[in-house]
Each structure stands twice: as structure tokens, then as C-alpha cells.
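Protein chains in written order, with our numbering: chain A, 1 to 257; chain B, 1 to 257.
Because the hints were derived from the structure by calculation, they are not lab data.
Just so you know, these numbers come straight off a predicted model, no measurement behind them.
Copies of the same chain look alike in the list, so a pair counts if it fits in one copy or across any two.
Straight line, CA to CA, 25 angstroms or less: simulated SDA-like cross-link-like pairs of lysine to any residue:
| no. | residue 1 | residue 2 |
| --- | --- | --- |
| 1 | Lys66 | Ala155 |
| 2 | Lys241 | Arg252 |
| 3 | Lys66 | Asp159 |
| 4 | Lys169 | Gln65 |
| 5 | Lys169 | Asp186 |
| 6 | Lys164 | Leu204 |
| 7 | Lys228 | Ser103 |
| 8 | Lys169 | Arg156 |
| 9 | Lys228 | Ile68 |
| 10 | Lys177 | Glu62 |
| 11 | Lys228 | Pro104 |
| 12 | Lys164 | Arg175 |
| 13 | Lys66 | Gln158 |
| 14 | Lys169 | Lys205 |
| 15 | Lys164 | Leu191 |
| 16 | Lys205 | Thr12 |
| 17 | Lys164 | Thr88 |
| 18 | Lys228 | Val105 |
| 19 | Lys177 | Ile153 |
| 20 | Lys177 | Ser139 |
| 21 | Lys5 | Asp21 |
| 22 | Lys177 | Ala194 |
| 23 | Lys164 | Leu193 |
| 24 | Lys177 | Ser60 |
| 25 | Lys241 | Thr253 |
| 26 | Lys228 | Gln65 |
| 27 | Lys228 | Thr88 |
What follows is each chain in one-letter form.
There are 2 protein chains.
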Amino acid sequence: MLREKPPGHGHTEEGVLEVLDVVVRHPQAKFVLSAMGAPPPYVVDRLHSKGVVVGAMAGSSEHAQKQIQSGVDIIVAQGSEAGGHTGTISSMVLWPEVVDAVSPVPVLAAGGVGSGRHVAAAFALGAEGVWCGTIWLGSSESELSPALRKRFIAARSQDAIQRKYDTGKPLRGLRSKWTDAWDAPDAPRPLPLAAQKLLVAAALKRFELADAADYMGYMSGQIVGRIKEELPIREIMARLKVDCHQTLERLRTSGWQ
Amino acid sequence: MLREKPPGHGHTEEGVLEVLDVVVRHPQAKFVLSAMGAPPPYVVDRLHSKGVVVGAMAGSSEHAQKQIQSGVDIIVAQGSEAGGHTGTISSMVLWPEVVDAVSPVPVLAAGGVGSGRHVAAAFALGAEGVWCGTIWLGSSESELSPALRKRFIAARSQDAIQRKYDTGKPLRGLRSKWTDAWDAPDAPRPLPLAAQKLLVAAALKRFELADAADYMGYMSGQIVGRIKEELPIREIMARLKVDCHQTLERLRTSGWQ
Chain A
1 MLREKPPGHG
11 HTEEGVLEVL
21 DVVVRHPQAK
31 FVLSAMGAPP
41 PYVVDRLHSK
51 GVVVGAMAGS
61 SEHAQKQIQS
71 GVDIIVAQGS
81 EAGGHTGTIS
91 SMVLWPEVVD
101 AVSPVPVLAA
111 GGVGSGRHVA
121 AAFALGAEGV
131 WCGTIWLGSS
141 ESELSPALRK
151 RFIAARSQDA
161 IQRKYDTGKP
171 LRGLRSKWTD
181 AWDAPDAPRP
191 LPLAAQKLLV
201 AAALKRFELA
211 DAADYMGYMS
221 GQIVGRIKEE
231 LPIREIMARL
241 KVDCHQTLER
251 LRTSGWQ
Chain B
1 MLREKPPGHG
11 HTEEGVLEVL
21 DVVVRHPQAK
31 FVLSAMGAPP
41 PYVVDRLHSK
51 GVVVGAMAGS
61 SEHAQKQIQS
71 GVDIIVAQGS
81 EAGGHTGTIS
91 SMVLWPEVVD
101 AVSPVPVLAA
111 GGVGSGRHVA
121 AAFALGAEGV
131 WCGTIWLGSS
141 ESELSPALRK
151 RFIAARSQDA
161 IQRKYDTGKP
171 LRGLRSKWTD
181 AWDAPDAPRP
191 LPLAAQKLLV
201 AAALKRFELA
211 DAADYMGYMS
221 GQIVGRIKEE
231 LPIREIMARL
241 KVDCHQTLER
251 LRTSGWQ
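Chain A on its own, in the form it takes in the complex:
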């Protein structure tokens, strides 16, 4: 039986090291991505000694350079249009900036990727590949409840808004009756980081337990506007590949030079 952990344990150094122990014991783990800043060099070394490739997510070229100094193998450059906590720099500006800053370390492009045209654009901007999040959330295999999945399919790009109401830090997610209430002119300002989370955690949990989809603001990037129907991931992947191929073919045969 698993020992009970205090809340937030997974974000402590002790908690991270426990997860690391599990990762290095399992030979299926081929890649680990740090999404919470530069991993300490001893963590990178331990993963490398087991043959695990290590990546880190960066929202600025300064962060990416720090992560390279920690010894990571791959940078995921994530623009501000992505879901969740991000930096302020958009993918169009960030991707080539990070590519230039860390070359020859390979960069995966994240934030706003939802079609093969985006994959081709990422190649044009110097990335070696892409990293997608939001487009899986409307899929048949998604972890979301059917009610919330429907909201993902209905949402427009501008419905993935950045606000501080859930964690105290800017977080991009679906607009909801909950965010509308916080956006009202007479609403209080959100509290700082930890305090805001404490203030709202119980309410958010109740929305989830009641599957009150209209009040739930699941993390989402702006590319949510491109999700028009529920599809299996196999089909989403196939369409990305075909669209990317057609885009590269269009660029090859165009008059542009």
C-alpha cells in the first residue's frame, strides 16, 4: 500500500526524487521532461546514467540557456499561447529565439500547434519537431469527462484565457462561469501564488466532483479553437502528418524563393 503523502509533496525535492527513483527503475522510461525550471545537474546525471534523454521546457531564451547548463539534451520552447503556466513570449517570437540561443541543442516547438501547417512552420522557424498538449484533450482517449470534452470542442481560440484565479499565477485555461465571475468589475483581485490556491481549492474540487463543466476551467491553449470534433488520437496524428506533408510539398513547388 502507498504511504499517504501531504498535499504538494510531489513538488518538493523529496517528492521529485521519489518519482525519479521510479523512473530509473523502469527501463521503458526513455525521456523525462522538466516543466518546472532547470533540473539540478545531479538529476540530469542520474537519468543520463540510465540512458534516459532529458528535456526541459522554456519560455525564454535565458531560461533555455540555464537549462542547457544543467546538461539537458532537448529544449521544449513553449509560447505564451500554450495551456497552463507559460511565459509571456509568443511561439512566433520565442521558437527561433530559443533555437538561436541553444544551437546545436535540438528544440521542440510548443504552444499553438494544432495542424500540419504548424509543424511545417516549426521546421521553418528552426525547430526539430513539435510538442502538443491541447489537441489531445478533445480526443476519444482524453482524460476529460464527456461534458468537459464537449466544451473543448465548442470553444473558440479566444476562449482559452490567461488568468490568476486558480493558482495566483497566470494560467491559461478555458473561460467559464467561474472566470467570468472573477472578471466582473466588482470582483476582488486574486491573492498571491499560494494563498489564492488555498482560497479556491475546495470550490474547484467541488466543481470537479459535481462535473459542473460550465464552472470548470481546465488548462487549455489557444489552439483549442481548432478542435471541431472528437477524434481518436490515431486519426489526429494521421491528419497532422498528411497536412504537414502537403504543406511542405506546397512550399517546394511554390514560386517563392
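Starting from the known structure of chain A, fit chain B onto it as the hints suggest.
For chain B alone, kept in the frame of chain A given last:
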């Protein structure tokens, strides 16, 4: 001698029609862009009757569709990383969304364009060309004072911030001692649209007259981080072309397909 006009006259219908009169009297005018919403159809018709091509700037596919209904010939899709007043959707998400919404009307891609790689990315995302603003501001021909031009050259991408302190609406421009003061935790919230402009107009004018560059927050997109030196526009254009050509060549000869 020109008749004295009340402030804001250029933004009234009467003021716009006066400008339109000047445009249609001058055969050099080949293109007019509306950056303040859909132009009324009679304005588009008058310009068309003189052979002038009409464009409109859009920050969402809904706006772009309205502008097409007004009869405009070209849409400039401007992402939220651009300087000045913008929508909330980033270029990566917005450009292909607008291309799909208004096809076969041609789309120029704006917001975050500062290299030939960006031009190639715009082609990949379905645009017919690009529209640049910020990259001219550090040029030898720029309208900026030498002190302010230096700040453009020194600025990083994350220094082009969106704030409401100058007009009451979100406006992207260079971070300054002025925006830092408004960002302080004990600063008042900005007033609504017209009131905030009235509140700060005199102070902003004094900064400008004193060439107090540290306090001035000239409009700027996030691509400002790519301006590393003062160059003549001829040289900036030449580099855009060479870089775009090399990028398309790299995509043509890559193993990706």
C-alpha cells in the same frame, strides 16, 4: 493654411472622410488599410472606384469575416504579439484560422515577423505575405529619437508588454519607468478607455518633449528582441529576403516529407 481641428477629429467619421478625399485625389495611393475595424461599404466602394486596393486588419476570424462582407480585398491578420492595440490570439493560432475563414481572399501575416524564417513560416501557415511594423523602428530611417532607438535595440522580447496605462485599452509597447510605476502593487487600477487617456496625456506629452526615453513607452511588438543594431531599411529588407530564401531551400532539401 490648414483649419485647426479638435483633438480626436481624425477618428471621427467626418475626419476619416476628409482623409479619404485626400487619398482619392492622389493617384500614388494604391493601397489603404483600415486598422480600426471594418470600413463602411461606401468607403470601400469609393476607394475601389479609384482603383485603390483596400485592406483591413483583423485580430480574430470573426472580425475578418465582417471585413470581407464590407468588400475589402486583403486581410492583415495581426497576432497578439504585435505592437499597439491587438486582439488576444497569437499569430501562430490566428494566421491559419483567418486564412481558413476568408479563403480565397489573400491574407498578410502580422505580429512577430522579424526574419526570413518568419516569412517562410507565414507561407507555411497559408499567408500570401507578411506585414511588419516593429522591425522598422530600430532602422536608420526610423521616426524615433536616437535615445528611444537605442532602447529598441537594447530591449528583449519580454520587454514589449501589454498594458492599459496609456489609453485604457490593452496596448503593447516598451516597458519603461512609467509602466513600472503603474505595475507597482500600490498603484491605482487604470481608468476606462477615454478617461485614462485624458488622465495621462499631458504627462506622456512632457516625456516626449523632454525626450525622456526611460519614461517613454513607444508601441512595440515582441519581435523587438530581434533588433540588435541600427540598420538601413534596404539592408533589413535584403536580410529578410536572403533568410527566407535559405529557409525555403532548407525545407526543400530536408528529409522531412
